[in-house]
Amino acid sequence: METVLAYIDAGSGSFIFQVIVGSAMAASLGAKVFWRRVSAIFRRDQERP
Amino acid sequence: MTDVPIAGSFRDPHGQVFTRGGLVHRLVTAEGARDYEQLMGSGLYDALVSERLLVEHAEVDDPQVHAVDAAVERVLLPAQVPFISYPWEWCPGQLRAAALATLRAQELALDHGMSLRDASAFNVQFLGGRPVLIDTSSFGVRPEGDPWVAYRQFCQHFLAPLALACIVDVRLLGLLRAHLDGLPLDLAATLLPARTKLRPGLAVHLHAHARSQRRHADDPGTRSSARGRFSLQSFRGLVDSLRGAVSGLEWEPQASAWNDYYDAAASYAPAAAQAKESLVGEAARRDRSGHGLGPGGEHRPLLPVGGRARCDRRRPGSRPVVGGDVLAAAGR
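Chains A and B supply the protein sequences, listed in that same order.
Taken in order, the first sequence gives residues 2 to 50; the numbers are from the numbering used here.
Taken in order, the second sequence gives residues 399 to 730; the numbers are from the numbering used here.
Derived from the structure by calculation, the hints contain no laboratory data.
Do not take every clue at face value.
[Stated by the list, open to error] Ranges of calculated distance between the beta carbons of each label pair, as one might list FRET restraints:
1. D444(B) with E48(A): 32 to 42 angstroms
2. V39(A) with D579(B): 38 to 48 angstroms
3. A28(A) with I404(B): 41 to 51 angstroms
Every residue gets a Cβ at the ideal spot worked out from N, C-alpha and C, and that includes glycine.
Turn these sequences into a full structure, and let the hints guide you.
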């Protein structure tokens, strides 16, 4: 059996946590960017005389 | 001229800081040179400086230092910060502004293939009233697929104390003095009211994050298993989500005996008020950092203590009023 010596690493939980929530945040940002682009098109249309 | 190492500069051996002739310098070792070249060559440095997010520097031609230490590649002379302040001395608006500056710097870094290795509040100072990152060597080439190594630090240094100050009690910012590595997230999660679990930003970055830390604290394989699985889009999403969480935190000053100290109460005779204005105005002229000073209603130029409660108020459509804004408002 291999013995692993390691100290408690408070950063481990943060690392794996980012991987878990990362996809949802990427999707949320994508939706936000998409919405901004769509609303910009409507704003441009409204500004036209 | 003798180089004097700064005792507090020990965490990053590739970008240590020392003073020479009273001026702070930073050295870049051969191992830190790759990151430095990327910072300068990718256009990131110019982008950061043009947005006034990073302290400017000049490279110093110094054959003497190369002779003494062959590992030193460059010597930088950054713009000097005349007044060092600490996060527990800031009002919530300053901490918030510093957090948003850090996130904006990280966003620009991602655009240029880099990432912040540190997201410490100690890396931010206020120059002319604006938050500026002072650690030039905290930018590193982003390891492809790695999560943000400074995510936990950002939450501990910025998000947790800001949430506690804005939602529970502003005096809790003093906890930063006891926790120099930032507020432990489990402590912040315990101190925050249960209703904060309904705020998406805090629910994720503080409460769930603290639980994840507890769960994986004694699991040494977790960190390596997370490597290579974090896309650039996820990284951008994380930074955007953090910005949303920080932006949603605003401090509302509570009623205090100091609120109307100058306006309502006849605390000073006119002559005494005039003398105090002159005294504080003179101090502000000498030290343009504006720390600990704030607008005192009709009593401009500047009044301390009572003004501190107001320094977090924002003008509609503008950035937080801090330091130099106060000086600008006073026409200095």
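The hints, checked one at a time:
1. At about 33 angstroms, the beta-carbon gap between D444(B) and E48(A) stays in the expected band of 32 to 42 angstroms.
2. Checked against the given bound of 38 to 48 angstroms, the beta carbons of V39(A) and D579(B), roughly 43 angstroms apart, stay inside it.
3. Our hint of 41 to 51 angstroms for A28(A) and I404(B) holds, since their Cβ atoms are close to 44 angstroms apart.
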